[in-house]
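*Asks:* Use the sequences and the hints to build the structure in full.
2 protein chains.
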Amino acid sequence: MITKEIRVYRDLMGANEEWAGKTRTLLTEKGVLMLNLIGSPGAGKTALLEGLSSYLGSKDSFAVLEGDVATTRDAERIQALGVPVSQLLSGGSCHLEAKMVYHALMDMDLDALDLVFVENVGNMVCPAEFDVGEHAKVAVLSIAEGDDKPLKYPLLFREAKAVVLTKTDLLPYVPFDIDASRRYIWQIHAGIPIFEVSALHDRGLSDLSSWIHEGSA
Amino acid sequence: MITKEIRVYRDLMGANEEWAGKTRTLLTEKGVLMLNLIGSPGAGKTALLEGLSSYLGSKDSFAVLEGDVATTRDAERIQALGVPVSQLLSGGSCHLEAKMVYHALMDMDLDALDLVFVENVGNMVCPAEFDVGEHAKVAVLSIAEGDDKPLKYPLLFREAKAVVLTKTDLLPYVPFDIDASRRYIWQIHAGIPIFEVSALHDRGLSDLSSWIHEGSA
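Protein chains in written order, with our numbering: chain A, 1173 to 1389; chain B, 1173 to 1389.
Since the hints were made in silico from the structure, they are not lab data. Be careful, since some hints might not be right.
One copy or two, it doesn't matter: identical chains are merged, so the pair holds either way.
What the hints assert, rightly or not - No farther apart than 20 Å at their CA atoms in a straight line, the calculated lysine to any residue pairs in the SDA-like style are these:
hint, residue 1, residue 2
1, Lys-1271, Thr-1200
2, Lys-1231, Asp-1349
3, Lys-1194, Asp-1379
4, Lys-1324, Ala-1252
*Replies:* This is the structure we're talking about:
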């Protein structure tokens, strides 16, 4: 008699979904909201977190998981604020995966937290495809990148629950039509909330923090 | 007797290398130089090509292959200049692959061309990993993205033969230290040429076009 062994390799995306589901269940049990910030390199994701930190209540009630290809530069900026932070190095990969996020969360004191931000690897394409167990993805688009990006990179704007337009202080200096950008964003994702923010000039952060606390879940 | 058939699936990266090699051989035979422009969404790659077009000689001596996830917006901008252009839609993928570039080139009149630009999908991570048959990769980094990006996304700067710092007209308005950016770039890739450009204000394009014609091969 010949016995046959069949080895099953689960596809990577399937495994990612399982870790993401496990993470979301854990966070929901603990009463912790997790947001996944996604945008290009230099969209201003870290500066946004720096700016938001004054509006989010006690510095030990929220934490940041910093995703990067290399270096701990962003994590150092967050640590300087007195906010709990871990650095997730993707080792060359263009996005974060759920398993790494899960393990980083397990090393945090979730009972002390209300809110976790994942700052994904700077990239408008790949991170939009990967659920890391967040409750909501947030698209971060800098005014300097141009108003047509939502049409050119639609998946992120379709998957997101809010869009943050950053660096609005640059509006006088760059060809960016804010009305057109709203039309393009809503063409991809009708009615999604859009926040106009300048982290450097402390504009628009209060509205965004209200949405985070009340509207994002 | 039992015969065994073994099916061999060549890995995708291997196949990509073969198409890239085939492309490079063809272009070299035809005397056509191909540059692969890589940078974030909104780094100003299309504006750079628009600006460069006045410096590159006859409009039918160079062509552009526009890589995007979705839309033909960038190709339309290049077409408006009277420059031969094709749009390569990656269909959700975060980078261009060599096979698609090869087939797009086969549909062009290579005998009439000296120079082809590939404008890759807006992404600082994945396109740096894929040879599309170019003679040189060129990293495009906008001043608005921040001076630390070469350290955070090192592979692109390691693989590139030149760096173009775009949107230098924004220097008075953003926290970007140009000396630090040069140090960071040369820390990753010692001595690589760096061009400071403002396409909107027509600055630095002449030096870059001289390098393209003389120094890039």
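*Asks:* Run every hint past the structure and note whether it holds.
*Replies:* Structure-based check of all given hints:
1. Taking CA atoms no more than 20 Å apart as the test, Lys-1271 paired with Thr-1200 passes inside one copy only; the shortest distance there is 17 Å, against 45 Å between copies.
2. Within a single copy, Lys-1231 and Asp-1349 get their C-alpha atoms no closer than 36 Å, and across copies no closer than 30 Å, so neither meets the 20 Å cut-off.
3. Taking the closest pair of Cα atoms, Lys-1194 and Asp-1379 never come within 20 Å of each other, the shortest separation being 31 Å inside a single copy and 54 Å across copies.
4. For a Cα distance limit of 20 Å, the shortest separation of Lys-1324 from Ala-1252 across copies, 19 Å, qualifies, whereas the shortest one inside one copy, 36 Å, does not.
The structure is inconsistent with the numbered hints 2, 3, although it conforms to all the rest.
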